[in-house]
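There are 2 protein chains.
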Amino acid sequence: MRPIVRQGTGSIAILCALLFAGIDAGAQSDPLPSWNDGPAKKAIVEFVQVTTTQGSPKFVPPAERVATFDQDGTLWVEHPMYSQVIYCLGRVPAVVKAKPELANVEPFKTVMSGNREAMARLTKDDLIKIAAATLTGMSVETFKADVMKWIAEAKDPRWKRPYTELTYQPMQEVLKYLRASGYRTYIVTGGGQDFVRVYAEQVYGMPPEQVVGTAGGTKYGYDKSGRPFLTKEPRLVLNDDNAGKPEGIHLMIGRRPNAAFGNSIGDRQMLEYTGAGDGARLMMLVLHDDATREYAYGPAQGLPDSKVGTFTQALYKEAMKKGWTVISMKNDWKRIFSFEP
Amino acid sequence: MRPIVRQGTGSIAILCALLFAGIDAGAQSDPLPSWNDGPAKKAIVEFVQVTTTQGSPKFVPPAERVATFDQDGTLWVEHPMYSQVIYCLGRVPAVVKAKPELANVEPFKTVMSGNREAMARLTKDDLIKIAAATLTGMSVETFKADVMKWIAEAKDPRWKRPYTELTYQPMQEVLKYLRASGYRTYIVTGGGQDFVRVYAEQVYGMPPEQVVGTAGGTKYGYDKSGRPFLTKEPRLVLNDDNAGKPEGIHLMIGRRPNAAFGNSIGDRQMLEYTGAGDGARLMMLVLHDDATREYAYGPAQGLPDSKVGTFTQALYKEAMKKGWTVISMKNDWKRIFSFEP
Numbered sequence: 001m002r003p004i005v006r007q008g009t010g011s012i013a014i015l016c017a018l019l020f021a022g023i024d025a026g027a028q029s030d031p032l033p034s035w036n037d038g039p040a041k042k043a044i045v046e047f048v049q050v051t052t053t054q055g056s057p058k059f060v061p062p063a064e065r066v067a068t069f070d071q072d073g074t075l076w077v078e079h080p081m082y083s084q085v086i087y088c089l090g091r092v093p094a095v096v097k098a099k100p101e102l103a104n105v106e107p108f109k110t111v112m113s114g115n116r117e118a119m120a121r122l123t124k125d126d127l128i129k130i131a132a133a134t135l136t137g138m139s140v141e142t143f144k145a146d147v148m149k150w151i152a153e154a155k156d157p158r159w160k161r162p163y164t165e166l167t168y169q170p171m172q173e174v175l176k177y178l179r180a181s182g183y184r185t186y187i188v189t190g191g192g193q194d195f196v197r198v199y200a201e202q203v204y205g206m207p208p209e210q211v212v213g214t215a216g217g218t219k220y221g222y223d224k225s226g227r228p229f230l231t232k233e234p235r236l237v238l239n240d241d242n243a244g245k246p247e248g249i250h251l252m253i254g255r256r257p258n259a260a261f262g263n264s265i266g267d268r269q270m271l272e273y274t275g276a277g278d279g280a281r282l283m284m285l286v287l288h289d290d291a292t293r294e295y296a297y298g299p300a301q302g303l304p305d306s307k308v309g310t311f312t313q314a315l316y317k318e319a320m321k322k323g324w325t326v327i328s329m330k331n332d333w334k335r336i337f338s339f340e341p
Numbered sequence: 001m002r003p004i005v006r007q008g009t010g011s012i013a014i015l016c017a018l019l020f021a022g023i024d025a026g027a028q029s030d031p032l033p034s035w036n037d038g039p040a041k042k043a044i045v046e047f048v049q050v051t052t053t054q055g056s057p058k059f060v061p062p063a064e065r066v067a068t069f070d071q072d073g074t075l076w077v078e079h080p081m082y083s084q085v086i087y088c089l090g091r092v093p094a095v096v097k098a099k100p101e102l103a104n105v106e107p108f109k110t111v112m113s114g115n116r117e118a119m120a121r122l123t124k125d126d127l128i129k130i131a132a133a134t135l136t137g138m139s140v141e142t143f144k145a146d147v148m149k150w151i152a153e154a155k156d157p158r159w160k161r162p163y164t165e166l167t168y169q170p171m172q173e174v175l176k177y178l179r180a181s182g183y184r185t186y187i188v189t190g191g192g193q194d195f196v197r198v199y200a201e202q203v204y205g206m207p208p209e210q211v212v213g214t215a216g217g218t219k220y221g222y223d224k225s226g227r228p229f230l231t232k233e234p235r236l237v238l239n240d241d242n243a244g245k246p247e248g249i250h251l252m253i254g255r256r257p258n259a260a261f262g263n264s265i266g267d268r269q270m271l272e273y274t275g276a277g278d279g280a281r282l283m284m285l286v287l288h289d290d291a292t293r294e295y296a297y298g299p300a301q302g303l304p305d306s307k308v309g310t311f312t313q314a315l316y317k318e319a320m321k322k323g324w325t326v327i328s329m330k331n332d333w334k335r336i337f338s339f340e341p
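Protein sequences, first through last, are from chains A and Z.
My numbering numbers the first residue of the first sequence as 1 and each following residue consecutively.
My numbering numbers the first residue of the second sequence as 1 and each following residue consecutively.
FYI, nobody ran anything at the bench for these hints, they're computed from the structure.
Treat the hints with caution; some may be incorrect.
Identical copies look the same in the list; a pair holds intra-copy or inter-copy alike.
[Stated by the list, open to error] Here are the simulated DSS-like pairs of lysine-lysine, each with C-alpha atoms no more than 25 Å apart in a straight line:
hint	residue 1	residue 2
1	K155	K219
2	K317	K224
3	K224	K321
4	K144	K58
5	K224	K322
6	K219	K322
7	K317	K155
8	K109	K321
9	K160	K129
10	K42	K321
11	K149	K219
Could you build all of it, start to finish, from the sequences and the hints given here?
Following this line, the structure appears as structure tokens:
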């Protein structure tokens, strides 16, 4: 301050000019530099403008601004396997070591065999059994420490990089843009709430209280020294997928989102619930149609819905009908990962 | 700005002086004017100072600052009956009208009789049946609208005022002081999450996402026009009392609180869990020992624990042993309600 004061009022005017120039530059710079111009980018920018401009008929007070994001396939890579499934499979040897009787029981036997083809055929029920065995029975602190260790070391086989680097740079920009516009951003994931919370703050700037996911119960108890702790239990409290997403949003946030982002049939109800509110609404679906830079699956594969699993033709048609915006990774995103040139 | 710029640099110095004077005045003014000087007030102020002063060995980064508050008996009057119980009892005639077969079934028959003595003898199981019948089966919007209507009209029989005016002014000051010090404040109540969320923002400045309470499940469905909505179900997702409070805190917040405020055995585990963390900790219990200005119950009644129910001698002894601070309404609070002179 001192030099400016010494130089008198002329400098105040310069200071003001600089300040206002800064504000103008901020408003005019592109908040979404990794997005190509097109309907998807336009939809995001227009939504932010109409909901945050004072006097706009669709203005939303800051306290009510909520945007929810699916994680797997929406914020980071989900193929060929959810990272949490890879974590669970990797935990199986430790679980079998602690309970040797599991070594000859399916699905643990298949996982211990190391036969990748057999593992790829594990059913959803098999995976639920594996999740229950590998994600429960320990304290929440022990679990957190184990996930932290894994996430720091594990690498995706295609990119040879930590999973935490495989977040979509354009979506990171959307998160930042919405936050800078007064939105509270939430992850609403079918993945494990405790699992995602471990890294969400560092990776997405998403604090634990803004991560909603599939959650098991915990049990309060005491260690030998009388110190209380919570043990993770194999008791489902919230199945945060499909209809469970709006139910989880009501439970954990208590407000209907103004904007929601997903990529699969597991996100259908979240987008529908978001769209059923008043005022401006933004519903977006990430379409994986870029086999070169990431993957092409869902409608981009040209397969019947029965073979597709997640982002179906039926969902694509519903998006068209309801005015949800489909984000084409191939066409809408200049780059996909931050490590790309 | 213009007059100041016109008058030259002298005014800048005055402006700076005014600004700094403002900051000083803010720092020195009493954030807890309804509290008498004493160990309780001192504990709060010292906790805030050591956790928010940069360079303090017990400094807590703003993102990690969490304080949790029980509601009934901690933030507002809970005697002679929880306000939510009064709401549920008042809803019984409408429920019986919709389902006439309940008129001759207990506990509904007793409630319909209007016999206050008989109603006072209803057991906890009776109240759970009444809660399930009166708090579920409708959409979350219908429920919210009904509670809003009730809370605007219902009055406490002793003070002849809306329940929302029967919040403790000293605790309102603690909420504001902690928020101004960068703490996120949460209600963590054994009461219904959906019920408390209806008025918590207006009454305590507590947004819905910062209200954790006993929660039932919801079911996603569609009305005749195809619009999706959530129906409240009689399925318990979180029993947010006793050990359920730390479990609820883990589920909904995902961080251990730095400070926790309660008044009864239902808050014991929340305070214990809060106290088991590292660094500075603040655990406080409101003791209802002022029969003149509010009520005297718990240890203040001089009855054996078996007759006391909520704030027991055993809890009082545990507080002493663990260094929790007991707030005496009689001695620590200059005034109890904002409407007092």
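(message) I want to check one pair: K224 and K322. Are their C-alpha atoms no more than 25 Å apart within a copy, between two copies, both, or neither?
(response) Between copies, since 17 Å is at most 25 Å while 57 Å is not.
(request) Indicate which option fits the pair K219, K322 if close means a Cα-Cα distance not exceeding 25 Å: within, between, both or neither. (result) between (43 Å within a copy, 22 Å between copies)
(message) If the cut is 25 Å between Cα atoms, do K149 and K219 qualify within a copy, between copies, both or neither?
(response) within (24 Å within a copy, 37 Å between copies)
(request) Check K42 against K321 for me: Cα-Cα at most 25 Å, and say if that holds within a copy, between copies, both or neither. (result) within (19 Å within a copy, 62 Å between copies)
(request) First find the shortest C-alpha distance between K160 and K129 inside one copy, then the shortest across copies, and answer within, between, both or neither for a cut-off of 25 Å. (result) Neither way: K160 and K129 sit 29 Å apart in one copy and 57 Å across, limit 25 Å.
(request) Tell me, please, which holds for K155 and K219 at an alpha-carbon limit of 25 Å: within, between, both or neither? (result) Neither: 33 Å inside a chain and 39 Å across chains, both beyond 25 Å.
(message) Within, between, both or neither: how does the pair K144, K58 come out at a Cα-Cα threshold of 25 Å?
(response) between (41 Å within a copy, 23 Å between copies)
(message) Treating 25 Å as the Cα threshold, decide for K109 and K321: within, between, both or neither.
(response) Close neither inside one copy (46 Å) nor across copies (51 Å); limit 25 Å.
(message) Regarding K317 and K155, is the shortest C-alpha distance of 25 Å or less found within a copy, between copies, in both, or in neither?
(response) Neither: 36 Å inside a chain and 53 Å across chains, both beyond 25 Å.
(message) Checking an output row: K224 and K321, CA cutoff 25 Å. Within, between, both or neither?
(response) Between copies only: 19 Å across chains, 60 Å inside a chain, cut-off 25 Å.
(request) First find the shortest C-alpha distance between K317 and K224 inside one copy, then the shortest across copies, and answer within, between, both or neither for a cut-off of 25 Å. (result) between (58 Å within a copy, 22 Å between copies)
Comparing the model with each earlier hint shows violations of hints 1, 7, 8, 9; every other hint is respected.
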